[in-house]
Amino acid sequence: MTEASGEPAESANESANESANESANESANKPMRQSRAPKRDADQISAIMRRVHGRDTTPEVRLRQALWAHGLREDAATDTAESLPGKPDIVFSDARLAVFVDGDYWHGNQWRRRGKAALEEQFEASAAEARAYWLRKIRRNMRRDCETSATLLRQGWTILRLWESQIAADREGCVRVIADTLDAQGQGATATAQGTPDGLRGRLAAKTCAEFFAGIGLMRLGLERQGWRVTFANDIDERKRAMYLAHFGSDDAESGGAGHFVLGDVHTLPVERVPSVTLATASFPCNDLSLAGARQGLAGKQSSAFWGFIRILEELGPRRPPLTLLENVPGFLTSHGGADFTSALQALDALGYVVDVFQLDAAHFTPQSRRRLFVVGAQASLLDSAPEPVPALASSATRPQALLDAIAANPSVRWRVRTLPTPPQREQRLADILDELADDAPAWWSEQRASYLLSQMSPRHRALADAMIAGEQWSYGAVFRRMRQGHSMAELRADGLAGCLRTPRGGSGRQILFKAGFGRYRARLLTAREAARLMGAGEFRISGSLNDALFGFGDAVCADAIAWIATYYLDPLVNELIRGAPLRAEAAPATIDAR
Numbered sequence: 001m002t003e004a005s006g007e008p009a010e011s012a013n014e015s016a017n018e019s020a021n022e023s024a025n026e027s028a029n030k031p032m033r034q035s036r037a038p039k040r041d042a043d044q045i046s047a048i049m050r051r052v053h054g055r056d057t058t059p060e061v062r063l064r065q066a067l068w069a070h071g072l073r074e075d076a077a078t079d080t081a082e083s084l085p086g087k088p089d090i091v092f093s094d095a096r097l098a099v100f101v102d103g104d105y106w107h108g109n110q111w112r113r114r115g116k117a118a119l120e121e122q123f124e125a126s127a128a129e130a131r132a133y134w135l136r137k138i139r140r141n142m143r144r145d146c147e148t149s150a151t152l153l154r155q156g157w158t159i160l161r162l163w164e165s166q167i168a169a170d171r172e173g174c175v176r177v178i179a180d181t182l183d184a185q186g187q188g189a190t191a192t193a194q195g196t197p198d199g200l201r202g203r204l205a206a207k208t209c210a211e212f213f214a215g216i217g218l219m220r221l222g223l224e225r226q227g228w229r230v231t232f233a234n235d236i237d238e239r240k241r242a243m244y245l246a247h248f249g250s251d252d253a254e255s256g257g258a259g260h261f262v263l264g265d266v267h268t269l270p271v272e273r274v275p276s277v278t279l280a281t282a283s284f285p286c287n288d289l290s291l292a293g294a295r296q297g298l299a300g301k302q303s304s305a306f307w308g309f310i311r312i313l314e315e316l317g318p319r320r321p322p323l324t325l326l327e328n329v330p331g332f333l334t335s336h337g338g339a340d341f342t343s344a345l346q347a348l349d350a351l352g353y354v355v356d357v358f359q360l361d362a363a364h365f366t367p368q369s370r371r372r373l374f375v376v377g378a379q380a381s382l383l384d385s386a387p388e389p390v391p392a393l394a395s396s397a398t399r400p401q402a403l404l405d406a407i408a409a410n411p412s413v414r415w416r417v418r419t420l421p422t423p424p425q426r427e428q429r430l431a432d433i434l435d436e437l438a439d440d441a442p443a444w445w446s447e448q449r450a451s452y453l454l455s456q457m458s459p460r461h462r463a464l465a466d467a468m469i470a471g472e473q474w475s476y477g478a479v480f481r482r483m484r485q486g487h488s489m490a491e492l493r494a495d496g497l498a499g500c501l502r503t504p505r506g507g508s509g510r511q512i513l514f515k516a517g518f519g520r521y522r523a524r525l526l527t528a529r530e531a532a533r534l535m536g537a538g539e540f541r542i543s544g545s546l547n548d549a550l551f552g553f554g555d556a557v558c559a560d561a562i563a564w565i566a567t568y569y570l571d572p573l574v575n576e577l578i579r580g581a582p583l584r585a586e587a588a589p590a591t592i593d594a595r
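Each residue of the sequence shown is one higher than the one before, counting from 1 in my numbering.
What the hints contain is simulated information worked out from the structure, not anything from laboratory work.
This one's a predicted model, so the numbers in the text were calculated from it and none came from an experiment.
Among these hints, one or two may not hold up.
Calculated cross-link-like contacts (lysine to aspartate or glutamate; reagent style EDC-like; alpha-carbon spacing at most 20 Å) [to be verified]:
#, residue 1, residue 2
1, Lys515, Glu539
2, Lys515, Glu576
3, Lys137, Glu576
4, Lys515, Glu447
5, Lys515, Asp432
6, Lys116, Asp94
7, Lys515, Glu436
8, Lys116, Glu447
9, Lys301, Glu224
10, Lys301, Asp349
11, Lys87, Asp75
12, Lys87, Glu172
13, Lys137, Glu124
14, Lys137, Glu224
15, Lys116, Asp432
16, Lys515, Asp435
Given these sequences and hints, build the entire structure.
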């Protein structure tokens with residue numbers, strides 16, 4: 001529903017005399033003011049909001065007039081619309097069609113029309129309080145749009161969501177979309193076959209996810225922070241599943257709990273057990289792709305699990321999700337000279353996906369250096385135009401030069417590269433996430449063991465440790481043991497970051513905390529809670545042994561990074577794709593056994 005037409009006094013800081021019901025198209029074409037009114041506080045913003053009308057705005061009236069000119073009249077009474085979830089702006093009850101006219105400003109499209117990289121950029125000049133208000137409100141509207149659409153679809157309605165800017169730019173085209181939808185409804189098309197564009201758009205609104213290689217569930221943790229709902233999870237590791245269940249519980253699949261977790265090998269997982277979802281994620285094993293591994297690539301024993309995921313997507317057929325998200329290490333780009341990355345992109349392309357790729361470091365969110373590569377796939381049938389050549393891109397934090405080179409090396413792949421904002425600057429340092437352990441806590445190593453750790457350092461790392469020891473305050477560093485020329489060497493970093501958490505195997509791979517100052521030093525392993533904080537999962541309910549916890553977190557994805565991807569990539573993409581064409585419920589698939 002249109003909450004207000006157009007753009008009401010941008011960021012609530014422009015002149016309050018500007019009409020709140022002016023269309024977004026007209027507002028966008030106004031000349032820039034030479035000066036700005038004083039910034040407003042939350043009470044002033046609320047007062048302005050109360051004067052904004054929510055129904056019968058100019059775009060709605062003009063659309064109705066155009067519909068009437070074509071002999072199309074919606075329900076005369078407003079009772080039906082008022083009683084429906086979201087209060088649609090135009091309702092055709094007999095055809096079970098609900099039409100929403102959504103203001104670009106209010107529903108999260110204005111920043112994109114202005115060529116901004118993110119919603120935040122639309123409010124750069126706003127006072128902090130007003131900026132936070134609008135970001136909260138608009139993102140809440142975006143989430144509500146999906147929830148409302150999903151509810152109406154479950155009730156048997158077909159949904160059309162139109163931007164005000166669409167109506168302003170092509171009113172007759174919008175009328176044709178409504179007329180065509182009514183014609184289809186008249187032929188009994190209240191539900192559509194699995195996999196049609198209308199059905200895929202309907203599935204987008206549900207914001208559901210199947211989480212493959214789920215591990216302990218940090219992909220889910222990040223997505224749920226932004227309103228996504230995981231309805232299926234799969235992993236082969238019983239210990240990780242136990243941690244997953246300890247945190248999320250074991251409710252049934254309908255309630256979004258962990259009853260949907262299917263333990264087993266992705267290569268043999270029956271596709272019938274996978275429900276129809278909006279998004280399928282795959283954090284498949286990195287062992288054979290990592291620069292620290294044997295580099296066997298996608299043919300290796302562990303990383304070949306990727307092909308099990310592709311098999312699932314292929315066998316899902318028309319139930320294939322509209323969106324996919326792959327996560328792995330940057331070494332994926334260069335494995336077998338880039339051939340493995342190309343093979344993965346081609347596999348997605350063959351399944352109907354256009355792709356995008358970017359990189360994100362957990363260090364933007366938590367004090368841990370953890371770069372990861374992400375590939376997003378979107379079903380090409382959902383796009384309003386054919387994929388275009390990749391525009392010239394400058395190297396950035398999310399797309400460094402090595403990644404741009406990989407894009408250029410795959411010109412036959414169907415790309416749809418989205419602009420991304422610069423990730424945030426981290427405020428935390430390693431010291432900020434540490435537990436306060438008493439000097440006599442058993443976690444601290446003995447003097448002999450800590451001394452041995454120092455002896456394992458190279459001259460360069462030992463000099464850094466000595467400088468920390470000589471300091472007049474406590475300082476903290478992270479130590480990781482590596483094999484160098486057949487010898488175990490202790491490598492210290494003291495830049496406020498932990499190294500990348502890894503899975504401890506055979507006692508190795510566990511990160512060590514080094515505390516030094518006042519001529520003294522101590523050492524111990526990171527605790528399970530500290531590892532959780534480094535993964536953006538400080539609230540995680542931890543179970544099992546320390547080794548189990550370090551294994552689970554070391555093999556996971558940073559939850560804060562996933563929440564960022566949901567906020568700045570997945571949610572805006574869904575927000576765009578559910579507009580301009582019908583959303584229909586899909587005909588019920590065959591019975592799914594998710595036990």
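Here is what the structure says about each hint:
no. : hint               : verdict
1   : Lys515 with Glu539 : violated (25 Å)
2   : Lys515 with Glu576 : violated (50 Å)
3   : Lys137 with Glu576 : holds (18 Å)
4   : Lys515 with Glu447 : holds (13 Å)
5   : Lys515 with Asp432 : holds (13 Å)
6   : Lys116 with Asp94  : violated (41 Å)
7   : Lys515 with Glu436 : holds (12 Å)
8   : Lys116 with Glu447 : violated (56 Å)
9   : Lys301 with Glu224 : violated (32 Å)
10  : Lys301 with Asp349 : violated (24 Å)
11  : Lys87 with Asp75   : holds (13 Å)
12  : Lys87 with Glu172  : violated (24 Å)
13  : Lys137 with Glu124 : holds (16 Å)
14  : Lys137 with Glu224 : holds (18 Å)
15  : Lys116 with Asp432 : violated (34 Å)
16  : Lys515 with Asp435 : holds (12 Å)
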